[in-house]
Amino acid sequence: AQSVSQHNHHVILSEAASLELGCNYSYGGTVNLFWYVQYPGQHLQLLLKYFSGDPLVKGIKGFEAEFIKSKFSFNLRKPSVQWSDTAEYFCAVKTRSGGSYIPTFGRGTSLIVHP
Amino acid sequence: EAQVTQNPRYLITVTGKKLTVTCSQNMNHEYMSWYRQDPGLGLRQIYYSMNVEVTDKGDVPEGYKVSRKEKRNFPLILESPSPNQTSLYFCASSQLLTASNTEAFFGQGTRLTVV
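Protein sequences appear in the order of chains C and W.
Throughout the first sequence, residue numbering follows this note's numbering, covering 1 to 115 in sequence.
Throughout the second sequence, residue numbering follows this note's numbering, covering 116 to 230 in sequence.
Bear in mind the hints are in silico, worked out from the structure with no lab data behind them.
Careful, some of the hints might be misleading.
[Claimed, not checked] Quick look at which bits of chain W chain C covers, simulated, 3 or more residues with Cβ under 8 Å: (1) 199-211; (2) 221-230.
[Stated by the list, open to error] Simulated DEER-style distance windows between Cβ atoms: (3) C:T30 x W:N141: 38 to 48 Å; (4) C:T30 x W:V167: 19 to 29 Å; (5) W:S197 x C:Q45: 29 to 39 Å; (6) W:K133 x C:P79: 30 to 40 Å; (7) C:D54 x W:V129: 48 to 58 Å; (8) C:G29 x W:D174: 31 to 41 Å; (9) W:V167 x C:H114: 41 to 51 Å; (10) W:N166 x C:G29: 17 to 27 Å; (11) C:S26 x W:N141: 42 to 52 Å.
Note that CB positions come from ideal geometry on N, CA and C, so glycine has one too.
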């Protein structure tokens, strides 16, 4: 079965620091990749997604992610974080099983940004 | 407006008293899923459904039941709740059969406390 690994469970940064959150998946076929964000007290919302084309994807609020097929990775990056980026971040993969596309989520990474 | 609606948002109950958390989506999505979110453990899948009358266990199904009698609804049933089921619960839905690159949509969450 496919799985999604997020290696950093907790990340603490100061404002203006650069961010990179790791995401690796285990599936050899075609994948569609997503990052979701969950702000404190809220539900998960889509941050960005990749399904084909340019492997460098730009999302909302200055976030971007790079799909590296050879490494089965889809790491999330932001050059300069803000206090308002404090949230939980989830990587997700949609893979094909039979005729269906099943979403699988990673465990999440908690990001705390100090002002 | 496309949305996933969960009710109730907050619930405090006593051990052993049966409860149901409702989930409804208005996007005609085939796939629906329940997750629980606990500190340090991230998002864990309880049950999922790929279509009407088709349900399957996720990672942590013990103590829960679900049903999918209609496409739009996917209630989560706790027949005999216990304190270890105190958690934040999210329902999600996603297109499955026709579009692999669409994201999952999440409900606002239900915070359940079992005393």
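Status of the hints after comparison with the structure:
1. 199-211: It holds: at least three residues are needed, and the stretch 199-211 of chain W offers 5 whose Cβ sits within less than 8 Å of chain C.
2. 221-230: holds (count 4)
3. C:T30 x W:N141: 38 to 48 Å: violated, 29 Å
4. C:T30 x W:V167: 19 to 29 Å: With a Cβ separation near 27 Å, T30 of chain C and V167 of chain W satisfy 19 to 29 Å, so the hint holds.
5. W:S197 x C:Q45: 29 to 39 Å: 31 Å Cβ-Cβ, so the 29 to 39 Å window holds.
6. W:K133 x C:P79: 30 to 40 Å: Given a distance of about 51 Å, which is not inside 30 to 40 Å, the answer is violated.
7. C:D54 x W:V129: 48 to 58 Å: With a Cβ separation near 54 Å, D54 of chain C and V129 of chain W satisfy 48 to 58 Å, so the hint holds.
8. C:G29 x W:D174: 31 to 41 Å: violated, 22 Å
9. W:V167 x C:H114: 41 to 51 Å: holds, 48 Å
10. W:N166 x C:G29: 17 to 27 Å: holds, 22 Å
11. C:S26 x W:N141: 42 to 52 Å: violated, 34 Å
Checked against the numbered hints listed earlier, the structure breaks hints 3, 6, 8 and 11; every other hint is satisfied.
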